[in-house]
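Trainee: Protein sequence lines, in the order shown, are assigned to chains A, B and C. Count the first sequence with my numbering and you get residues 1 to 239, in order. Count the second sequence with my numbering and you get residues 1 to 413, in order. Count the third sequence with my numbering and you get residues 1 to 587, in order.
Any given hint could turn out to be false.
To be verified - With a Cα cut of at most 16 angstroms, we get these calculated EDC-like pairs of lysine to aspartate or glutamate:
| hint | chain 1 | residue 1 | chain 2 | residue 2 |
| --- | --- | --- | --- | --- |
| 1 | C | 499 | C | 523 |
| 2 | C | 194 | A | 216 |
| 3 | A | 220 | C | 357 |
| 4 | A | 200 | C | 426 |
| 5 | A | 115 | C | 70 |
| 6 | C | 502 | A | 214 |
| 7 | C | 287 | C | 307 |
| 8 | B | 326 | C | 223 |
| 9 | C | 419 | A | 109 |
| 10 | C | 194 | A | 214 |
| 11 | C | 419 | A | 68 |
Derived by calculation from the structure, the hints in this document are not laboratory data. Computed from a predicted model, the values in this text were never measured in an experiment.
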Amino acid sequence: MKSPSRRNLLKAVALTPAVAVIPLEAVVRSAREARAAAPAYAQPPEVYLTASELGFVEAAVARIIPNDELGPGAKEAGVGTFIDHQLAGPYGRAERWYMQGPWKQGEHEQGYQLKLTPAELYRAAIADIEQYVRGKYGNKSFAELDAKTQDDVLHELEKNDVQLAHVPADTFFNMLVDNTVEGFLADPVYGGNRDFVGWKLIGFPGPRYNYVAEIDQYGKRYDMPYVSIAGRDAAVRKG
Amino acid sequence: MKPGYLMAIAGLAGCAVAIAAGASVRDTTHAQLERGRYLVAAGDCAACHTADNGKPFAGDRPIPTPFGTLYSSNLTPDEETGIGRWSDDDFVRAMREGRRPNGDHLYPAFPYPWYTRLSRDDVLAIRAYLETLTPVKEVVRAPDLPWPMSWRESVAGWNLLFFHDGEFKPDPQRSNEWNRGAYLVEGLGHCSACHSPKNALGGVKRDEAFQGGMGEGWFATSLRPTHPEGLGAWSVDDIVSYLKTGANSRARAMGPMAEVVENSTRHLSTSDLHAMAVYLKDLPGDNDTRHPPRASDDKDALTRGRLIYLDQCAGCHMQNGEGIAKVFPPIKGNTGVHADDPTSLARLVLEGARSARTGDKPEGFAMPGFADKLTDPEIADVITYIRSSFGNQAAPVSTNKIADVRKQVAGHS
Amino acid sequence: MAQRLPAVDVVLVGFGWTASILAKELTDAGLQVLALERGIFRDTIPDFSPTSIQDELRYAVRNGLFEEPERETLTFRNSLEQTALPMRHLGSFRPGSGAGGAGVHWNGQTWRFLPSDFELRSHIAQRYGAKFIPQDMTIQDWGVTYADLEPHYDRFEYLCGISGQAGNVGGKVQEGGNPFEGARRRGYPLPPLKRGAGQVLFDKAAREAGFHPFPCPAANTSEPYQNIYGVQMGQCTFCGYCEWFGCGNYSKASPQTTVFPVLLGRDNFELRTRCEVTRVNTDSSRKRATSVTYVDAAGREFEQPAELVILCAFAQHNVHLLLLSKIGQPYDPVANKGVVGRNYAYQITSSVDVFVDQILNPFMGAGALGQAVDDFNGDLFDHGPHGFVGGGYLALWTTGGRPILQHHVPEGTPTWGGKFKRALAENYLRSASIATHGSVMSYRDAYLDLDPTYRDSYGNPMLRLTFDFHDNEHRMSDFLTARATDVAKAMRARSFHAKPRKGRYSIVPYQTTHNTGGAVMGDDPRTSVVNRYLQSWDVSNLFVMGSSVFPQNAGYNPTGTVGALTYWAAEAIKSRYLKQPGPLVSA
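With the sequences and hints as input, model every part of the structure.
Mentor: Here it is, written out as structure tokens:
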């Protein structure tokens, strides 16, 4: 929407509030900030993963939240696409993180201390894992393994039972699980939770802004149609 | 877009500027200067005569019209570029006849057809106030109009057809208050300039005055005492409240009218606003020749619209359409929702808007825009829904209309 | 070379809750006030628009509205033996940035501390003997009493439009409120929020367990409300996007919704955004602040002179600024000397997840929609048998049901795979969590200082945090977890899962943004940085706001007390300091 009033307000006219900010604000607002300011449904998606990396991710998320009798899983929900977009964007670039040295391995309590951005971590970890899988399972890629074997590999990563060449296995695995849950349950504008499969699984009807009449109807199921912040049918970003 | 003069009716009130000491050579009393300042607020002169980032009343503000762009005059006492050299008679002639000292016609984007009603005393009070302003050297650009309008003499023809000059004559059959209200509404207020249908040459259709019209790309609602699209259900106090604070139980001033409230009407005295309200409530309501509107009965559109309303609108306007007192206006019974022409409604939904900020209501509650979020059919559905629900009775709105307004809005941003 | 600007009466560092209140109060007094905010300007529309704010990924997971560690962070270690390392992305706490600060994205949980909290050391020593307090526990009295602050708590509550039920008005216990609270002059400005299903369950179970539940005081309006400044607010509609988000319909108290409309247009107020203060400058005597140095959006440095300098940044940032400006003696934990950085504290939390049969619709929530039990806070119970100091409240909050971060699965559920998926499906609508919110005492080895290795983007030493939970806190927290378990049992739920706080303090999982201390207030300049009026002992025209001044943290969210202290200090400045600038308390 347009800024509060097109017309400038005189300093002498103290009748209408005006925010006095140095004019530099608008001028130096960077492209990054302009992008950051736009709502999710007005931001175009970008991609990062190669085809084989995406293949790994889709196979892995399919085990993390599988397709089963309860309904579609993470792969069907488009979590691979979600992760791809995320890695291509500010999160993947660790844009808001402190990424200066010196770099030291810390205690668990001190949190993430790798020099790698999430995008770099994925790239390095996937390469390492594929190398490990090829070595152990006869030149197959992770995606080519059967489900049980895939689970075995994932368990090993989870417990840090496998020494990857370049990155700590459990750090990557935990990030992957987090991102999978995010993609499965985030608003569909981000590429995952396609057709609201994640929200339908749990019974979250989507973001709305008024439950005054419903909050004290205790025990009653809320039965409005599923909706995204991009609107009802448009679970995709508008150009 | 409906033909009609686009009037810049919003802008600054220069009235709080302290009177410069010793700037005037005329023999004026403080009372007259105060009166002049007050009348300048009533006329909302700064809306056109003070440019964005410009000095007060130094003019050269672009005034868009359907015919091209004009630039407002410099009203400061500067002798070269302002009106410093004008005599009192010159100023009166400009205000009441639309003529410059050298005889040039002023274009009727300047509302002299309304200011013609002012008394000489009031015009001189305005002059006295303007003389206290700091002189500013601001050369005003020439108008950008196509021939024959670029030829100022062509205004003579327009005047012949549409300019009815003459000072306001009080009606002895009416109360003092009614007459005061008429004087303000028909004079400095120049309300019918926007709130009336206009012909292709930008003249107000006299018989249909105050029945609603386009102003600055928004539809200014009917001020006739009809209901529900006019002021029929409004009390005098409702009108006073609206002009003083930008809000009452049936409406909220948004868009250009919010600026009118902020910069002009909120500065007027309660008794003057009361008088204007009395006058407006007495406008004829019986020669409305339009067909009464019918609410939509398209069940599918209404169902779609209802769901959109609950998702997108109920957070503020509430599920029952009643809004929140003093915060968000009701949809139910809302005069603006019933406007014949849904342009303003469409603009609100597309762009959002901010309420007027006044001393009593400093919050400036704002509505967000949905241009990126809702498609044209969705906006048409939800506007149709609100015009047909909560007891509202107004005609449905088409997707094409929304598309038109979206284009219009995009063109101006 | 920094460009020197024309002087102002007052410069405020930061523009969150404390700065907004002070700006209003001091411009009321006719002073010319300038606020310098490092972040951007923000307002309800367009920044928290209900069209796009309900985006859990963007705001709750990717931290859209918070401080960016890339621009400002600290280093952290549990103990002096370790090397502190940078907090590279937010975890344990989420400070704000931009106009309104954390006041934009808080939940609105608004409490008063107990009378005994303000005189903690005296009170504990008197009741249990001085030896009850461990040697390295550096708790102290605040220098103000609850009675001093009561009118100011009231003012902050009526600024915000707190929805609640008073428990003690003028000494008389009121039905339905917190019977243990300090006496208040009058009730809350608004009635309590409507209860959600979770609150009803908790209330019944807590009574059965023998406790005294009551509705949590909420800065989410239960009705439209016009506050003490004549600013109108809306009504909370339970959208469930409160903490981490800005409110889209003017119903959460924030600087934007309660102060900005009557402040921003004032002739004697100016706000400069994207201006980060890096130094408070003093004269050669080091007893008088002369100006602040700040860097604008283009990286240019300015010197802004002022008669009065007030630090209104987030808790630890105020301490950082004092250290960088070399104001006050920095604290050395080994020598046990100095005060700036001393007595850092936090909050210790735990929870008991409950899994019920009923549909609870957790996504219908509000930031401070909750039912609480305060029986075990402060010194409201006999600590003799327990041997720990402190306490906290239990509450079943329904702040929302945001799918990614606010789902619960039963104990033993794997974190991935088919069983995890099933647990999600079966429990999302039918689970809730009873939270415990416990105090943290101050200790000799919990403090802030300047890091020897890491530098911030201006080349200044980063702030270093050394902190861990002590045995006292663990035992106290376990006690609260056990009480929460009592309530969970009385719910007769399908199952419940107690999750006590275990192990060392970790900066990784979110806990609270209740960082306190480092510039503590008190009566004795040897153990405090500011006096009882929040005025620096060293530099009398410098005041420090916020939870930086807490000598230790109590078992309640800090904002109510932060608000009260701000009004208390504002009154001291207006009624005493301005009339006679100089130390308000003789050292």
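Trainee: For the pair we were handed, residue 419 (chain C) and residue 68 (chain A), check the Cα-Cα distance against 16 angstroms.
Mentor: Holds. Residue 419 (chain C) to residue 68 (chain A) sits at ~11 angstroms (cutoff 16 angstroms).
Trainee: Residue 115 (chain A) and residue 70 (chain C): Cα distance at most 16 angstroms?
Mentor: holds, 14 angstroms
Trainee: For the pair we were handed, residue 419 (chain C) and residue 109 (chain A), check the Cα-Cα distance against 16 angstroms.
Mentor: Roughly 29 angstroms between the alpha carbons, so the hint for residue 419 (chain C) and residue 109 (chain A) is violated.
Trainee: Given the hint that residue 499 (chain C) pairs with residue 523 (chain C), does the C-alpha gap stay at or below 16 angstroms?
Mentor: violated, 39 angstroms
Trainee: Holds or violated: residue 287 (chain C) with residue 307 (chain C), Cα cutoff 16 angstroms?
Mentor: Answer holds: residue 287 (chain C) to residue 307 (chain C) is near 13 angstroms, not above 16 angstroms.
Trainee: Starting from residue 200 (chain A), check that the Cα of residue 426 (chain C) is at most 16 angstroms away, please.
Mentor: Given that 16 angstroms is the threshold and the Cα spacing comes to 12 angstroms, the pair holds.
Trainee: For the pair we were handed, residue 326 (chain B) and residue 223 (chain C), check the Cα-Cα distance against 16 angstroms.
Mentor: holds, 12 angstroms
Trainee: Going straight from one Cα to the other, do residue 194 (chain C) and residue 214 (chain A) come out at no more than 16 angstroms?
Mentor: Distance ~11 angstroms between residue 194 (chain C) and residue 214 (chain A) Cα, so the pair holds.
Trainee: Has the given pair, residue 502 (chain C) with residue 214 (chain A), been kept, meaning a C-alpha gap of at most 16 angstroms?
Mentor: Roughly 38 angstroms between the alpha carbons, so the hint for residue 502 (chain C) and residue 214 (chain A) is violated.
Trainee: With the threshold set at 16 angstroms, check whether the alpha-carbon distance from residue 220 (chain A) to residue 357 (chain C) stays at or below it.
Mentor: holds, 12 angstroms
Trainee: Residue 194 (chain C) and residue 216 (chain A): Cα distance at most 16 angstroms?
Mentor: holds, 7 angstroms
Of the numbered hints stated above, those contradicted by the structure are hints 1, 6, 9, listed in ascending order.
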